[in-house]
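**Q** Which chain is which? The protein sequence lines are A and B, in order. Heads up, the first sequence is in my numbering, so the first residue is 1 and it goes up one at a time. Heads up, the second sequence is in my numbering, so the first residue is 1 and it goes up one at a time.
Calculated from the structure, these hints are not laboratory results. It is possible that some hints are incorrect.
Unchecked claim - Distance condition first, Cα-Cα at most 20 angstroms in a straight line; then the derived DMTMM-like pairs of lysine to aspartate or glutamate:
(1) Lys63/A with Asp148/B
(2) Lys134/B with Glu60/B
(3) Lys63/A with Glu14/B
(4) Lys49/A with Glu76/B
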Amino acid sequence: MKVLYFAWLRERVGLAEEEVSPPESVRTVADLAAWLAGRGPGHAHAFEKPGVVRAALDRRHVKPETLLAGAREVAFFPPMTGG
Amino acid sequence: MTAPLPFRVRVQAEPFDAAAEIAALSGTGDVGAVVSFTGFCRADKSADGAATPLTALVLEHYPGMAEAEMERLMEEARARWPLLGASIIHRFGRIVPGEQIVLVVTASAHREAAFSAASFLMDWLKTSAPFWKKEERADGGDWVAAKDSDDHAAARWQAD
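Put together the whole structure using the sequences plus the hints.
**A** Here's what the structure looks like:
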């Protein structure tokens, strides 16, 4: 699946997007965030406070407990500050 | 019977012409009220009393989802109020103080629906449209933190 990062998550990870293949044990958005945090120091820094990280599955907002269920594009980002 | 007015959502780097957007939602015999809100970049924008002035805001967005989320907000506003037309425009990229960032225009037969829908759209744009502001200052700059007050402003529409 494709993972996208925005704002300070993008800066900390050092990537705007990456293609990943998590193991089957990664079932929810929160599982994926925890798994991604283990990919390196930048990822760990980005996900150090999971409670402040928001997510979208295939361009819709979702909660941490949402099942990935075959999503093609997952995005992680801080709370939004537009408007 | 006049031609229906548009419901439009746009995400763009370029400045917009607020007067033209308002004119595009006026002038039919059915519209009794047009409300518009324009949000600007402020020079003094600072959450922590930074010593150096803000030189620009750099707005990052999630292409594709930004438009989709704004369309969803538009649909929600149309379901709640009898709107005759509306425009939502949000800019991205580097924006200097005094420049526009966002525009919401709503047209309805009566002012209450137009005011309420414009307020609803702005409250939810701030908390659910995927845009992020980074401050640019002479001594660096950092990402703007989300405000609890914005979450509360959006949440009040759920209590109705």
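**Q** Taken at face value, is the distance from the CA of Glu14/B to the CA of Lys63/A at most 20 angstroms?
**A** violated, 33 angstroms
**Q** Assess, step by step, whether the Cα of Lys63/A is no farther than 20 angstroms from the Cα of Asp148/B, and give holds or violated.
**A** Distance ~19 angstroms between Lys63/A and Asp148/B Cα, so the pair holds.
**Q** Starting from Lys49/A, check that the Cα of Glu76/B is at most 20 angstroms away, please.
**A** This hinted pair is violated, its Cα atoms lying about 32 angstroms apart.
**Q** Regarding the pair Lys134/B and Glu60/B, is the alpha-carbon distance no greater than 20 angstroms?
**A** holds, 8 angstroms
Hints 3, 4 from the earlier list are contradicted by this structure; the remaining hints agree with it.
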